[in-house]
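Enquirer: Listed below are the residues making up each chain.
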Amino acid sequence: MDELKKFALEIRIETLNMLSKHGFGHVGGSLSIADALAVLYGKHMKYDPKNPKWEGRDYLVLSKGHCGPALYSTLAIKGFFPREELLTINKLGTRLPSHTDKNLTPGIDMTTGALGQGVSCALGMALGLKLQGKKNIVYSIIGDGEAQEGQVWETMLIAPNKGLSNFIVILDNNRQQLDGFTDDISSLGDVCRKAEAFGWFAVDVDGHDLAAIDQAIEECKRSEKPGFINLKTIKGKGWPAKEAVLGNHALRGAAFEGVDEVLADLRRQLEAMQ
Amino acid sequence: MNYEMFDAKKIIGEVTAAEADLNPGIVVVSTDSAPRTGMGEFIAKYPDRYYEVGIMEQAGAGVSAGLATTSKTPVFCAPAPFTTARPFEMFKIDIGYMRQNVKVIGRNCGFNYSDLGPTHFGLEDMALVRLIPGVVILAPMDASQLRGAMRAMLRCEGPVYLRIGTAPIPKIFDDGDFEIGKGFVVREGSDVAIITTGEISRNVFEAAEKLAAEGINVMVVAMPTVSPIDEELVIRAARQTGRIITVEEHFVVGGLGSAVCEVCAESSPVPVKRLGVPMEFLSAGQYTDLVKHCKLDADGIAETVKAFINNP
Ligand SMILES: Cc1ncc(C[n+]2csc(CCOP(=O)(O)OP(=O)(O)O)c2C)c(N)n1
Ligand SMILES: [Mg+2]
Numbered sequence: 001m002d003e004l005k006k007f008a009l010e011i012r013i014e015t016l017n018m019l020s021k022h023g024f025g026h027v028g029g030s031l032s033i034a035d036a037l038a039v040l041y042g043k044h045m046k047y048d049p050k051n052p053k054w055e056g057r058d059y060l061v062l063s064k065g066h067c068g069p070a071l072y073s074t075l076a077i078k079g080f081f082p083r084e085e086l087l088t089i090n091k092l093g094t095r096l097p098s099h100t101d102k103n104l105t106p107g108i109d110m111t112t113g114a115l116g117q118g119v120s121c122a123l124g125m126a127l128g129l130k131l132q133g134k135k136n137i138v139y140s141i142i143g144d145g146e147a148q149e150g151q152v153w154e155t156m157l158i159a160p161n162k163g164l165s166n167f168i169v170i171l172d173n174n175r176q177q178l179d180g181f182t183d184d185i186s187s188l189g190d191v192c193r194k195a196e197a198f199g200w201f202a203v204d205v206d207g208h209d210l211a212a213i214d215q216a217i218e219e220c221k222r223s224e225k226p227g228f229i230n231l232k233t234i235k236g237k238g239w240p241a242k243e244a245v246l247g248n249h250a251l252r253g254a255a256f257e258g259v260d261e262v263l264a265d266l267r268r269q270l271e272a273m274q
Numbered sequence: 001m002n003y004e005m006f007d008a009k010k011i012i013g014e015v016t017a018a019e020a021d022l023n024p025g026i027v028v029v030s031t032d033s034a035p036r037t038g039m040g041e042f043i044a045k046y047p048d049r050y051y052e053v054g055i056m057e058q059a060g061a062g063v064s065a066g067l068a069t070t071s072k073t074p075v076f077c078a079p080a081p082f083t084t085a086r087p088f089e090m091f092k093i094d095i096g097y098m099r100q101n102v103k104v105i106g107r108n109c110g111f112n113y114s115d116l117g118p119t120h121f122g123l124e125d126m127a128l129v130r131l132i133p134g135v136v137i138l139a140p141m142d143a144s145q146l147r148g149a150m151r152a153m154l155r156c157e158g159p160v161y162l163r164i165g166t167a168p169i170p171k172i173f174d175d176g177d178f179e180i181g182k183g184f185v186v187r188e189g190s191d192v193a194i195i196t197t198g199e200i201s202r203n204v205f206e207a208a209e210k211l212a213a214e215g216i217n218v219m220v221v222a223m224p225t226v227s228p229i230d231e232e233l234v235i236r237a238a239r240q241t242g243r244i245i246t247v248e249e250h251f252v253v254g255g256l257g258s259a260v261c262e263v264c265a266e267s268s269p270v271p272v273k274r275l276g277v278p279m280e281f282l283s284a285g286q287y288t289d290l291v292k293h294c295k296l297d298a299d300g301i302a303e304t305v306k307a308f309i310n311n312p
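Protein chains in written order, with the working numbering: chain U, 1 to 274; chain E, 1 to 312.
These aren't lab readings, by the way, just hints derived from the structure by calculation. Hints should not be assumed to be uniformly reliable.
Label pairs and their calculated CB-CB ranges [what the hints assert, rightly or not]:
1) U/Ala244 x E/Glu206: 25 to 31 Å
2) U/Leu246 x E/Pro133: 41 to 47 Å
3) U/Gly79 x E/Asp175: 41 to 47 Å
Residues from chain U shown here face chain E by an in silico Cβ test under 7 Å; the list is partial [what the hints assert, rightly or not]:
4) Met1
5) Asn90
6) Leu92
7) Pro97
8) Ser98
9) His99
10) Gly113
11) Gly145
12) Gln148
13) Glu149
14) Gln177
15) Leu178
16) Asp179
17) Ile185
18) Ser186
Positions of the beta carbon are idealized from the N, C-alpha and C atoms, including for glycine.
All chains should be built: construct the whole structure from the sequences, respecting the hints.
Expert: Dropping the structure here:
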């Protein structure tokens with residue numbers, strides 16, 4: 001678990017570093033999935049950074065594509081591309097646009113950014129792999145705001161009907177979307193009960209408890225049903241002043257004030273663990 | 001040129017709130033998208049007339065159509081791709097085919113969402129909406145026009161699509177009435193006519209000044225209504241100059257350039273050069289870099305004009 005904890009810290013550091021240097025980016029939702037990414041890429045997923053298209057790999061579709069920076073940090077730390085490249089985010093001609101793009105970035109298998117779309121593409125991948133009798137697993141991370149899109153619930157309906165035990169959807173339930181708190185806009189209600197009613201194996205998890213995330217993924221893998229993990233997270237987790245406050249969705253310019261102290265603190269935590 | 005600058009989104013919110021005082025039917029529909037559309041003032045004033053449905057643009061379009069059926073005047077605003085491409089069929093049937101009195105605003109159009117890349121660019125919104133019979137398309141060029149266009153949109157009957165960007169917009173023209181369906185001549189000229197629309201036109205005005213200094217006389221035509229297009233004015237520009245360049249922050253297919261070509265081909269054939277976004281998926285990037293890349297900055301426009309005049 002210590003290794004995963006370090007990995008998560010590093011993801012947060014790289015993410016904040018790249019976004020603050022660029023001066024714009026989706027900080028809140030990137031920080032809330034750092035722990036889940038650490039568990040996925042640090043423990044569960046099969047992949048080969050030197051051969052991103054390796055046939056035996058597991059797939060991750062970041063359906064909430066605006067949090068690409070967290071995934072790019074993860075991939076860079078694992079050696080899919082040089083860490084320095086993180087600083088090219090959103091420069092004309094970059095391989096790292098805000099939203100994940102399958103035709104640009106090593107390690108990215110699906111293009112996302114329009115909310116709701118990625119998760120149904122992910123389902124298609126799970127279906128295709130199952131038809132070929134392959135064991136690869138398809139993971140997809142969606143946002144709680146994103147889960148308001150009808151297309152998400154179309155996907156929720158199809159997966160159990162197609163018996164997709166190789167499909168695991170992870171809801172980053174940070175309770176905030178763009179305009180405010182999801183419960184004030186269109187609440188998802190008891191989302192695990194909903195998933196179960198649709199025929200999924202569903203679990204509630206503290207999204208910042210690495211061991212709990214690990215166990216939830218383990219259980220989903222074992223289940224015959226498609227897996228649904230309701231990650232209870234905090235938007236902006238890791239930057240105390242931005243945690244669960246309004247306006248933490250995307251930061252621009254002056255809103256990054258204080259980031260240097262946060263980065264220094266995260267680096268100290270990392271060093272203490274070395 | 002030094003103009004006073006305004007926030008387009010703020011203008012939208014201000015006019016909606018002011019018109020809502022006069023028309024109790026005006027309501028606002030948001031898909032996790034309204035406060036940032038400058039609707040804060042409206043929301044504070046009329047919380048009961050503001051519906052935040054969540055991130056569900058297809059439902060947003062449908063709900064708007066339903067509200068219009070109960071004699072409301074819904075204003076549905078969100079980023080341009082999410083009010084046009086995402087709910088296209090709902091726009092076509094629920095709003096267009098039914099001739100509902102729904103006012104759709106596509107904000108951050110063109111590549112104003114520069115950092116967010118192609119999934120968030122609104123480069124085909126006008127092309128899509130132009131395919132829906134009976135929907136008016138407005139692309140105001142400055143702060144005064146935006147105010148006028150908002151008022152005209154909210155006061156007329158029937159479906160309207162209005163696109164705005166995000167960058168601060170200048171006040172170039174005098175305040176006054178905005179007549180839907182009418183373009184106007186910004187400057188007379190005889191060498192070539194540039195027909196332009198939307199906020200990018202300020203670069204056209206600047207290019208025309210530069211070209212004038214070099215002895216090239218450009219007629220500049222403003223076309224803030226893209227559909228229905230002011231055919232008479234297009235024909236006049238064609239006859240007067242014998243060649244036309246269209247400039248827009250939109251794909252070169254389907255928007256203003258196509259509309260102008262259609263008119264010219266049928267009524268007054270002259271060579272037309274369409275300057276806009278080439279038919280390719282662009283990179284994410286910084287707004288000014290993207291504008292330059294597409295030659296939509298004043299220098300790029302001037303260069304295009306010169307090349308076209310020398311080799312039409
Ligand atoms: C179809 C679509 N509509 C709207 C948007 C604009 N948008 C980007 S992020 C966002 C809020 C997302 O909230 P959530 O899914 O909860 O993400 P997180 O909190 O993890 O950042 C919105 C509305 C979009 N990208 N795609
Ligand atoms: Mg959220």
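Enquirer: Compare the structure with each hint and give your call.
Expert: Here's how the hints hold up against the structure:
Between U/Ala244 and E/Glu206 the CB atoms are about 46 Å apart, so this pair departs from the stated range of 25 to 31 Å. Look at U/Leu246 against E/Pro133: about 42 Å separates their beta carbons, and that is inside 41 to 47 Å. For U/Gly79 and E/Asp175, the Cβ-Cβ distance of about 59 Å falls outside the hinted range of 41 to 47 Å, so the restraint is violated. Hint status for U/Met1 relative to chain E: violated, with the closest Cβ pair at about 34 Å, above 7 Å.
Using the Cβ-Cβ criterion of 7 Å, the hint placing U/Asn90 at the interface with chain E is satisfied: the shortest such distance is roughly 5 Å. Below 7 Å, beta-carbon pairs count as interface contacts, and U/Leu92 has one with chain E at about 4 Å; its hint therefore holds. Proximity of U/Pro97 to chain E holds as hinted, the smallest CB-CB distance being about 4 Å (cut-off 7 Å). This hint holds: U/Ser98 has a C-beta 5 Å from the nearest C-beta of chain E, less than the 7 Å allowed.
For the restraint placing U/His99 at the interface with chain E, the shortest Cβ-Cβ distance is roughly 5 Å, inside the 7 Å limit, so the hint holds. The restraint placing U/Gly113 at the interface with chain E holds, with a minimum CB-CB distance near 3 Å, inside the 7 Å limit. Given hint, U/Gly145 at the interface with chain E, holds; its Cβ is 5 Å from that chain's nearest Cβ, closer than 7 Å. For the restraint placing U/Gln148 at the interface with chain E, the shortest Cβ-Cβ distance is roughly 4 Å, inside the 7 Å limit, so the hint holds.
Interface restraint check for U/Glu149: the shortest CB-CB distance to chain E comes to about 6 Å, inside 7 Å, so the restraint holds. The beta carbon of U/Gln177 comes within 5 Å of a beta carbon in chain E, closer than 7 Å, and the hint placing it at the interface holds. For U/Leu178, the interface hint holds, since its Cβ comes within 7 Å of a Cβ in chain E; the closest pair sits about 5 Å apart. The interface hint given for U/Asp179 is met, as the beta carbon of that residue sits about 5 Å from the closest beta carbon of chain E, less than 7 Å.
A cut of 7 Å between beta carbons decides the hint on U/Ile185: the least distance to chain E is about 5 Å, and the hint holds. Because the smallest distance between the Cβ of U/Ser186 and any Cβ of chain E comes to about 3 Å, under 7 Å, the interface hint for this residue holds.
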